[in-house]
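4 protein chains.
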Amino acid sequence: MEYKVFKRRINYYETDKMQVVHHSNYIRFLEECRMDFLDQLGISYDMLEQSGLMIPVLSVSCNYRMAVRYGDTICIVPKVTRFHGVKFEMSYKIYSEDFTVLHNDATSSHCFVGMDFKPVRIKKEYPELCEKFESIVGQDLLDIE
Amino acid sequence: MEYKVFKRRINYYETDKMQVVHHSNYIRFLEECRMDFLDQLGISYDMLEQSGLMIPVLSVSCNYRMAVRYGDTICIVPKVTRFHGVKFEMSYKIYSEDFTVLHNDATSSHCFVGMDFKPVRIKKEYPELCEKFESIVGQDLLDIE
Amino acid sequence: MEYKVFKRRINYYETDKMQVVHHSNYIRFLEECRMDFLDQLGISYDMLEQSGLMIPVLSVSCNYRMAVRYGDTICIVPKVTRFHGVKFEMSYKIYSEDFTVLHNDATSSHCFVGMDFKPVRIKKEYPELCEKFESIVGQDLLDIE
Amino acid sequence: MEYKVFKRRINYYETDKMQVVHHSNYIRFLEECRMDFLDQLGISYDMLEQSGLMIPVLSVSCNYRMAVRYGDTICIVPKVTRFHGVKFEMSYKIYSEDFTVLHNDATSSHCFVGMDFKPVRIKKEYPELCEKFESIVGQDLLDIE
Chain C
157 MEYKVFKRRI
167 NYYETDKMQV
177 VHHSNYIRFL
187 EECRMDFLDQ
197 LGISYDMLEQ
207 SGLMIPVLSV
217 SCNYRMAVRY
227 GDTICIVPKV
237 TRFHGVKFEM
247 SYKIYSEDFT
257 VLHNDATSSH
267 CFVGMDFKPV
277 RIKKEYPELC
287 EKFESIVGQD
297 LLDIE
Chain H
157 MEYKVFKRRI
167 NYYETDKMQV
177 VHHSNYIRFL
187 EECRMDFLDQ
197 LGISYDMLEQ
207 SGLMIPVLSV
217 SCNYRMAVRY
227 GDTICIVPKV
237 TRFHGVKFEM
247 SYKIYSEDFT
257 VLHNDATSSH
267 CFVGMDFKPV
277 RIKKEYPELC
287 EKFESIVGQD
297 LLDIE
Chain U
157 MEYKVFKRRI
167 NYYETDKMQV
177 VHHSNYIRFL
187 EECRMDFLDQ
197 LGISYDMLEQ
207 SGLMIPVLSV
217 SCNYRMAVRY
227 GDTICIVPKV
237 TRFHGVKFEM
247 SYKIYSEDFT
257 VLHNDATSSH
267 CFVGMDFKPV
277 RIKKEYPELC
287 EKFESIVGQD
297 LLDIE
Chain Y
157 MEYKVFKRRI
167 NYYETDKMQV
177 VHHSNYIRFL
187 EECRMDFLDQ
197 LGISYDMLEQ
207 SGLMIPVLSV
217 SCNYRMAVRY
227 GDTICIVPKV
237 TRFHGVKFEM
247 SYKIYSEDFT
257 VLHNDATSSH
267 CFVGMDFKPV
277 RIKKEYPELC
287 EKFESIVGQD
297 LLDIE
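Chains as they are written, first to last, in our numbering: chain C, 157 to 301; chain H, 157 to 301; chain U, 157 to 301; chain Y, 157 to 301.
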């Protein structure tokens with residue numbers, strides 16, 4: 157997979173009284189990055205939901221290393237760290253635009269579920285999706301050093 | 157109707173880099189006030205939606221007179237200014253806790269719709285709701301001077 | 157001015173239980189568009205603030221004509237409708253990506269203020285900014301029909 | 157310390173297309189709970205900031221066990237799990253109003269910093285604050301079983 161890094165400007169409404177991006181918004185940036193990542197895998201989350209599959213969040217963790225400010229542009233590098241049929245885990249690194257600053261590192265875990273929120277084993281019902289996840293797990297999408 | 161004024165503290169995450177509440181959040185405060193107002197009328201919006209009725213927003217307007225800050229508590233006084241079967245309009249005044257400062261005055265208009273977003277004439281299907289709106293239209297709920 | 161239309165995908169976290177974009181988020185989209193518009197005028201809002209000038213919102217109004225959904229991309233066309241030294245007004249049209257649907261039309265008004273929130277007459281202190289606003293007022297930036 | 161549990165209704169704008177509260181909002185609920193907790197300790201965060209002390213978030217983690225929906229009221233029980241002069245850690249349990257459902261368990265870690273974002277050892281400059289944290293660390297504020 158040739159990954160085009162997820163790049164994103166900070167909006168004014170995402171800052172807070174401390175003059176930096178409010179910490180809750182990073183969780184939203186991760187979601188944006190995840191959706192973009194699925195898109196780049198050739199999977200439209202919108203279409204998935206229309207076909208009856210949802211991917212809720214089971215857990216998130218976020219380490220705030222260096223505050224992001226209004227005027228900044230961030231780059232997020234995601235990685236699928238584990239996948240086994242029903243669940244998967246991702247990690248994320250949020251960098252400055254020039255990759256010299258690591259602002260944040262984060263993880264999230266997810267479950268494939270139906271509209272009733274019951275787990276769905278995607279191997280059978282969504283074989284293409286399953287293959288894509290198997291092909292990408294553990295892979296570094298970008299070479300940063 | 158004996159109206160208990162909608163009172164609400166400002167959350168830190170609602171502030172922005174200007175050190176005041178971000179202007180978009182007032183629109184959310186109006187929604188909170190509206191839901192609370194329906195509650196006080198004996199109408200649970202949650203139940204309404206479960207019964208197939210939604211009340212989307214057709215328009216909003218907001219005049220920002222004096223910024224609200226973290227640490228502040230606001231009081232909102234709503235009023236149903238028009239109602240005719242399918243649509244209604246509301247106005248709101250957002251005051252400081254002691255009512256000495258008028259921070260914001262606002263309006264919103266709404267339509268009763270079904271799950272298909274088509275207008276619903278509530279007189280027939282929701283007579284109780286209709287009566288409540290008729291009884292409250294044009295009424296000042298609080299005596300501020 | 158050659159205006160490049162402000163284009164923007166909808167984020168999942170911007171939707172609500174009605175399955176459409178929550179109405180408060182449009183106010184945020186307008187801000188994004190406004191900042192992008194200033195950028196295109198050659199004005200960095202970030203730099204303006206660093207130099208001591210802020211542009212708070214005095215009022216907003218928003219007409220919700222057709223709901224925007226997750227998966228949609230919107231295009232926003234802004235216009236400076238009035239400007240007189242200290243204050244200015246803008247209008248916005250929010251279209252579908254292909255400009256066949258007008259989702260929303262909105263307005264906002266603003267004041268130039270210093271860090272003490274007191275009005276600033278930009279003609280003297282920010283002549284370049286003033287000229288740019290004068291040159292753009294009343295101008296349709298895009299030809300949509 | 158006699159702790160009054162932090163109770164909070166869900167706002168409509170906090171839901172998403174999945175018909176449940178968007179996961180990013182829990183991070184905001186934790187902040188609300190933390191500020192309320194400080195208040196109950198007799199510490200106004202607003203005053204702290206005015207005196208030059210800020211308490212940014214270093215990390216958060218959140219486990220989503222059972223979705224919260226519009227119409228729900230949640231109760232959050234916080235706990236200071238570690239404190240050593242400059243940093244502290246908290247844990248949180250988010251329950252249903254009747255404490256029969258554990259919706260979420262979470263943690264956060266924080267640092268006391270000055271307006272320059274440099275760490276501040278509060279023992280010397282904020283002895284009262286320090287004592288309060290020392291007295292509360294490791295303590296279960298509510299007896300839930």
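These are calculated hints, taken from the structure and not from any lab test.
Source: prediction; values computed, not measured.
Careful, some of the hints might be misleading.
Remember, identical chains collapse to one label, so a pair may be satisfied in a single copy or spanning two.
[What the hints assert, rightly or not] Mimicking DSS-like on lysine-lysine, the simulated pairs with C-alpha atoms at most 27 Å apart in a straight line are: (1) 274 to 160; (2) 274 to 249; (3) 163 to 279; (4) 243 to 288; (5) 249 to 163; (6) 160 to 280; (7) 288 to 163; (8) 163 to 280; (9) 249 to 280; (10) 249 to 160; (11) 243 to 160; (12) 160 to 288.
Here is what the structure says about each hint:
1. 274 to 160: neither (33 Å within a copy, 35 Å between copies)
2. 274 to 249: between (30 Å within a copy, 24 Å between copies)
3. 163 to 279: neither (31 Å within a copy, 36 Å between copies)
4. 243 to 288: within (14 Å within a copy, 42 Å between copies)
5. 249 to 163: both (12 Å within a copy, 26 Å between copies)
6. 160 to 280: Neither. Shortest intra-copy (30 Å) and inter-copy (45 Å) distances fail the 27 Å Cα cut-off.
7. 288 to 163: within (23 Å within a copy, 29 Å between copies)
8. 163 to 280: Close neither inside one copy (34 Å) nor across copies (38 Å); limit 27 Å.
9. 249 to 280: Result: close neither inside a copy nor across copies, 32 Å intra and 36 Å inter.
10. 249 to 160: within (14 Å within a copy, 31 Å between copies)
11. 243 to 160: within (25 Å within a copy, 38 Å between copies)
12. 160 to 288: within (17 Å within a copy, 36 Å between copies)
Going through the hint list in order, the structure does not satisfy hints 1, 3, 6, 8 and 9.
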